[in-house]
Amino acid sequence: MPKEPIHILGIESTADDFSTGITTSQGKILANITSTFIPTQGGIHPREAARHHAEVAGEVIHNALKKAKIHPNQIKAVAFSQGPGLGPCLRTGATAARATATYLHIPLVGINHSIAHIEIGKLITGAKDPVTLYVSGGNTIISAYEDRYYRVFGETLDIAVGNCLDVFAREAELKQSPGRPFGAIIEELARAGKTLVPLPLTIKGMDLSFSGLLTAAVQALRSAKHGLGDLCFSLQEVAFSMLTEVTERTLAHTEKPEVLLTGGVAANKRLQTMLKIIAKEHNARFNVVPKEYALDNGAMIAWTGALTYKSGITTPIEKSIVKLKWRLDQVPVPWVEEAE
Amino acid sequence: MVLIRKGAEADLHLEQWHGHKVVMKRRLPKAYRLPQLDLAVRTQRTLREPALIHRAKEAGVPTPTIYMIDLAESNIIMEYVEGKQVKQVLNTLPPEEKLRLCRHIGTLIGRLHKHGIIHGDLTTSNMILTSYRKIYLVDFGLGEHSEELEIRGVDLHLMKRALQSTHHRLAKKCFEAVTTGYTETVGKETAAKVLAKIQEIERRGRYIEER
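From first to last, the protein sequence lines are chains E and X.
Start counting at 1 in the first sequence, then tack on 44, and there's your number in this note's numbering.
Start counting at 1 in the second sequence, then tack on 1359, and there's your number in this note's numbering.
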C-alpha cells in the first residue's frame, strides 16, 4: 500500500510578503498564496509591513488550505521563517505559526529563510548540488554545500544588491507598481544605455560591498551629466560583474556541477546571461528559479519544513523565538547528505 | 609553461624567464564583463598589484620581486617564491609554533596598515612560508591604498573569516595571536580602534545571531 504523503504548511513573513504554502513530503506543491505589502512611499517600514501581515494572515492561510483542497487535520507540522529578516514581520509570522500549530496540536518547525530559497530552487529546477547565488532586496549570498552545512563563500559586507538598485531607483524618482518592481524598471532603462559611466567595482576577498557603488551612482545621477539609461546600464554592469566574479571564484574553488540563481534579482536577464557564461566555462549547468519561487514564498518554507521534519527536527515553542540575523551556515542540513 | 593555479581572477603560470624561475600572472579577459569594463578592471588590477607589492617591501613585508609588467596582456612577471602556502602547513604545526606564526602574520599585516597598504584578500593561501621561516605575502590584486579604519577593519575581518573557514578548530586562538602581533606593530590605540571596527562590521553584516 502506498504511504500517505505528509502535508506541511509553511508561513513566510521575513519582509514585505506574507505567504503560505502547502507541500507534501515528496515535494508536491499544493498551494502557494502570497499577499504583498506595498508602501505608499519609501521603502518597507517594518512595523507597517507587520501590520499588513497581521491583517491578512488568517485569510492567506485559509486560502492556502482551500487551494490545497485538504482538511487542516491532514497537516502534520507548521513550518515558519524564523529568520533572518525584519523583526516585526518575523514576529507576526511566528505568532501565526504558533497559533496554527497549537490549535491543530502539531509541531512547529523553524526554518532559515535563506536555506529555504536554496531548497525550493533545487526542487523546482532539479539542481542537486549547486553553487547558489541568492540575490534580493535583503540578501546577497554565494553559498554551496560542504561537509554537513551550506557554506557561505561570499556575501555583502554592507547592503544587499537589490537594496542598492531600489535605493538608486527611488533617488531617480522612478515609480514601481505591482508586477513591475524597481529592478524591472532599471533593467528596461539599462537596455537603452550605451555609455559606461565609471563606477567603483568593490570586491574584498570573496565579499562584496555595494554601498560605495550606490553612493557613486547617486552622485553621478545628481551631477546631471549622464542620461538615466546610461546610469542604469552602468550600475547593472558593475554590480552584476561583482556578483559574477565571486560566483565564478566559488565555482572554481568548489568544482560544483551546477549554478543556481535565485531571489528577487534573479529575474534580471543581464545577470542571467553573465552567470550562464561562467557556468558554461566551468562545465556547470545553469539554473534560474522562476519568479513565483524565486521571490519570498510560503511553499519554500513548507518544503524545507518537510525536509527538516522528515529528518526528525522540530522546534519546541519555547525555542521558536525569531532570529533576525540567523546565518544559513549555522544550520545543519542532514537531508542534503541523504540526497547525495 | 606550467599552470600552477587557475583562479577566477587570474591564472598563474610557472615559467623560466631569462634564467629565473618566475610566475606569470595573467588576467584573462572575462566574456561576461562588458569589454570596456573588462579592460578597465584588468588594467587597474595589473597596475595596482605591482605598486602595492613594491610599497609592501618598503613597509618591511616580504613580497615577490616584480620583473616585468605587460599591460597590453594584463600580465605580471614576478619572482617565484619557493615555499609552502601557510594554508597547507598551519594545521600540521605544533600549537606553540602555530601561534608564533599567526602572531608574525599579525605583525606583517600591522606593517602594511601602518604604511597605508590594504591587502584586500588576506587568506592563508596568499601567504607563503619559505624554508628559511620567512613569510611572503602575495596576491595584492584586490588591494588598495587606504588609512581608513573601516577598510583596515574589513581587511582583518577577512583574515578572521579565512581562518574560520580553513582552520575552524584553531580559528579563535589563531586570530587572537594575529591581533597580538598586529597590536604590537600598530600600537594599542590604533589596534583597539580597528578591532572595534571589526565588531561593528560583524554586527552590521549578519555575522552574529543576536541583535
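Don't take each hint at face value.
To be verified - Label-pair restraints from in silico Cβ distances: (1) X:1493 with E:271: 32 to 38 Å; (2) E:269 with X:1508: 49 to 55 Å; (3) E:360 with X:1373: 56 to 62 Å; (4) E:224 with X:1390: 43 to 49 Å.
Claimed, not checked - A short list of chain X residues far from chain E (calculated; beta carbon distances all over 10 Å): (5) 1379; (6) 1391; (7) 1395; (8) 1399; (9) 1406; (10) 1407; (11) 1426; (12) 1432; (13) 1459; (14) 1490; (15) 1513; (16) 1514; (17) 1524; (18) 1530.
Derived by calculation from the structure, the hints in this document are not laboratory data.
These numbers were taken from a predicted model, which means no experiment stands behind them.
Ideal placement from N, C-alpha and C gives every residue a C-beta, glycine not left out.
Hints and how they fare:
{"no.": "1", "hint": "X:1493 with E:271: 32 to 38 Å", "verdict": "violated, 54 Å"}
{"no.": "2", "hint": "E:269 with X:1508: 49 to 55 Å", "verdict": "violated, 32 Å"}
{"no.": "3", "hint": "E:360 with X:1373: 56 to 62 Å", "verdict": "holds, 57 Å"}
{"no.": "4", "hint": "E:224 with X:1390: 43 to 49 Å", "verdict": "violated, 31 Å"}
{"no.": "5", "hint": "1379", "verdict": "holds, 28 Å"}
{"no.": "6", "hint": "1391", "verdict": "violated, 4 Å"}
{"no.": "7", "hint": "1395", "verdict": "violated, 5 Å"}
{"no.": "8", "hint": "1399", "verdict": "violated, 8 Å"}
{"no.": "9", "hint": "1406", "verdict": "holds, 15 Å"}
{"no.": "10", "hint": "1407", "verdict": "holds, 12 Å"}
{"no.": "11", "hint": "1426", "verdict": "holds, 26 Å"}
{"no.": "12", "hint": "1432", "verdict": "holds, 20 Å"}
{"no.": "13", "hint": "1459", "verdict": "holds, 25 Å"}
{"no.": "14", "hint": "1490", "verdict": "holds, 27 Å"}
{"no.": "15", "hint": "1513", "verdict": "violated, 5 Å"}
{"no.": "16", "hint": "1514", "verdict": "violated, 8 Å"}
{"no.": "17", "hint": "1524", "verdict": "violated, 7 Å"}
{"no.": "18", "hint": "1530", "verdict": "holds, 14 Å"}
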